[in-house]
Amino acid sequence: MHDPVVELFECAACGHRLSHFAEICPGCLGDALRPVAVPAAAVLESWTLIRRPAPAHAGAGPFAVGVARLAEGGQLVSGRIAGEAEGLGVGSAVTLARDAGGRITIRAAGAG
Amino acid sequence: MRVSVAGIGSTRFGRHEGATPQALAIAAARDAILDSGIDRGEIGALYLGNFVSGVLTGQEVLAGLVADGLNVQGIPATKVEGACASGGIAFRHAVMAVASGQVRVALAVGVECMTGADTTRVTGALNCAMDNTTDGAAGLTYPGLFGLVWQAHAARHGTGRDDVSAVVVKNKRNGLRNPLASMGATLTVDEVSAARPIADPIRLFDCCGISDGAAAVVVTAADRLSGHPGPRIDILAAAQSSGPARIAGLRDLLSFPATVRAARAAYAQAGLGPGDIDLVELHDCFSVAEIVDSEDLGLVPPGAGGGWAREGRTDIGGTIPINASGGLLAKGHPVGATGLGQIHEVVRQLRGVHPNPVPGAAIGMAHNLGGTGIACTVTILGRADA
Ligand SMILES: [Zn+2]
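Protein chains in written order, with our numbering: chain A, 1 to 112; chain B, 1001 to 1386.
It should be emphasised that the hints constitute simulated quantities derived from the structure, not laboratory data. None of the values given here were measured: they were computed from a predicted structure. Please note: incorrect hints may appear among the correct ones.
Cβ-to-Cβ under 7 Å is the rule here; a few derived chain B residues that face chain A [what the hints assert, rightly or not]:
#: 1; residue: L1034
#: 2; residue: Q1151
#: 3; residue: A1155
#: 4; residue: H1157
#: 5; residue: L1250
#: 6; residue: L1253
Just so you know, even glycine gets a beta-carbon here, dropped at the ideal spot from N, CA and C.
The task is simple: from the sequences and hints, build the whole structure.
Dropping the structure here:
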């Protein structure tokens, strides 16, 4: 049984870490950002239920968007709350993943 | 060089059926020029704040169109864009043009036309101000962003529905006395709490309305105004900052670093502190934004914004009157015009001619915040005779 991981991006030159890909590292302006797998454990910092989506997400609502803080490193990330949001609240343990499009998703820790 | 406000103009904020952005901007600019008493031939530069006129109306080159409509062609006419802070940014550029000695007189004008589009199109246009590879891709909207901010504020500071509703009730009430605001209303806390949910816990009355409008300010060197009637209003600070481009760049959801930076710079420029500010027009795009902004500006202690609103300490006559104009909640938010509309309101207060006056006001602040906190301006104005 392995603890789940989520892919972030880390600069091989300066160690700067981002939750999104960038061509150029904002830490050192080098071009050495590489995928890195980090523990996917996080804590839900906030959430909202989007009832009036933007046109790019038309037909998908209502859906929940959350902000979680990674247990390792303490960085905030935003993402769609996947699966059962029932029972999730500020302070809930969550697990981060990426969907097929590479977007971060947030789900209750231990949920399948 | 000391720079002063020479003249102000504004259309009503609300619905202007069929109006083009250039027509509204020209009307507001004409009023500002007439108010200044300065010949338009003396204007050496024009800065125009606008956010999404290309997306929503199909019309760009607004700065040149306005220069043409005012018959001040030949001067540099520049459009600036910083999402909801576009108007404040235009103002700061006009101030810098005069302060640098490049021109004697500069015109800042802001405009947006939004009511011709339906809510879905407007939501999509507003999302242009988000990083659409991260927050936007997650499905976030602006009501959603402030839903997130609210839940975090509630978890940390216990800010509840009634605290946030107090902001709405106050601003809607203030707007009733302001002819430039068309969304003033007498609301109860219960009515605000029962309104249609938009992005939990944000409900309908927590959101500023979709509006059209324009506002303009003429600025000039203070010595150019000797002999003019009425109190001279000086620009004590015109600060602008940038901030993280996405939520992942924030330390937490309770503070926008761009506001903190711009406020710090503005207080330093003016040699003043939060206790010197007699009134503020701040960026209440959503009810809870007023609470967070008031804390970021140092006007209210961290975490106390909700309590201060509920206790009436942000009313006219309170510790720090916030949005006596009705703010964005009662005026609406014609995005590119908002920052200049706020300065227009502060100038009327300091001149002593505001329809909803803060008695004895000598120093006022305007705060204009763009996007997810990616851009901000903070302006401090003061009566020269105070
Ligand atoms: Zn680097």
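Against the structure, the hints:
Violation of the interface hint for L1034/B is found here, the shortest Cβ-Cβ separation to chain A being roughly 41 Å, above the 7 Å cut-off. About 4 Å separates the beta-carbon of Q1151/B from the nearest beta-carbon of chain A, less than 7 Å, and the hint is met. Look at A1155/B: its Cβ gets to within about 4 Å of chain A, closer than 7 Å, so that hint holds up. This hint is violated: H1157/B has a C-beta 12 Å from the nearest C-beta of chain A, more than the 7 Å allowed.
The closest approach between the C-beta of L1250/B and any C-beta of chain A is roughly 6 Å, which is under the 7 Å cut-off, so the hint is satisfied. Hint on L1253/B holds. Least Cβ distance to chain A is approximately 6 Å, under the 7 Å limit.
Checked against the numbered hints given earlier, this structure breaks hints 1, 4; the rest are met.
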